[in-house]
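Asks: Sequence:
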Amino acid sequence: LVQVKSCLPVWLSPCTAPVRRDDKPHPPVRFPEPAEAAAPAEQLGGSGAVLEPLLQCVAWLDAYFREPAVLEGLPVPALHHPIFQKESFTRQVLWKLLTLVKFGETVSYQQLAALAGNPRAARAVGGAMRSNPIPILIPCHRVVCSSGAMGNYSGGVGVKEWLLAHEGRPAGKAAHGGGSRATGSWRGALGSTASSQPAGRD
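The numbering used here applies: residue 224 is where the sequence shown begins, and numbers increase by one.
In short, the hints are calculated from the structure, not lab data.
Keep in mind that the hints are not guaranteed to be accurate.
Cβ-Cβ distance ranges computed for the label pairs, FRET-style [unchecked claim]:
1) HIS304 with LYS325: 19 to 25 Å
2) VAL281 with ARG346: 34 to 40 Å
3) GLN279 with ALA372: 30 to 36 Å
4) PRO298 with ARG343: 31 to 37 Å
5) LEU278 with SER370: 37 to 43 Å
6) LEU294 with PRO356: 19 to 25 Å
7) ALA282 with GLY340: 30 to 36 Å
Where is the CB? At the ideal position from N, CA and C, for every residue including glycine.
Could you build the full structure based on these sequences and the hints that come with them?
Replies: Here's what the structure looks like:
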């Protein structure tokens, strides 16, 4: 058990499924391609192979709560979960959220749908948030409603508000001015894919 702050106990446990090892260089943070996930796997031996990702996770969480400025320089622990092992809209949504929406930024359901390639799939983004197996690390707390409303969160709205306030995004203030509405450097990635009208859910 890793205690981060006083209100957020976080359980860390190793993945017991085999992890594929290859010699190809790749970024430290990536989702495996579906073809890779289907390839024969090699079990990484020794307790150190299990301990290292846990230590990375502890270091990442410690930085998130104590020294956020160093987060960009830390590797995100490997994401080895069935939801990441095959191509899907949920996988794409979580990947875009992880890689594009940074500390202190927020994005709306519709905008995240557009980033994932389907601006009319805002409701499906809500489903992807409910399926997120690694909250905080994959920051579903940064997904808010276009209106500025907080929206739902698996850990409860109070925790979502706390996390956004921790990131300098207190609830209730205006969008683009430091509140809970969507804003961030990810906007450049939207291009022409974002729809100007909400579709299904905001």
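Asks: Go ahead and decide if the range 30 to 36 Å is satisfied by the Cβ distance of GLN279 to ALA372.
Replies: With Cβ atoms ~34 Å apart, the hint holds.
Asks: Holds or violated: the 19 to 25 Å window for the beta-carbon distance between HIS304 and LYS325?
Replies: holds (22 Å)
Asks: Do the beta carbons of VAL281 and ARG346 sit within 34 to 40 Å of each other?
Replies: holds (35 Å)
Asks: Can you let me know if the beta-carbon spacing of LEU278 and SER370 is within 37 to 43 Å?
Replies: With Cβ atoms ~41 Å apart, the hint holds.
Asks: Range hint 19 to 25 Å: satisfied by the CB atoms of LEU294 and PRO356?
Replies: Since LEU294 and PRO356 have Cβ atoms about 20 Å apart, the given range 19 to 25 Å holds.
Asks: A range of 30 to 36 Å was offered for this pair. Does it hold for the Cβ distance of ALA282 and GLY340?
Replies: Hint holds: Cβ distance 33 Å, inside 30 to 36 Å.
Asks: Within 31 to 37 Å: is that where the Cβ-Cβ distance between PRO298 and ARG343 falls?
Replies: holds (35 Å)
No hint from the list above goes unmet by this structure.
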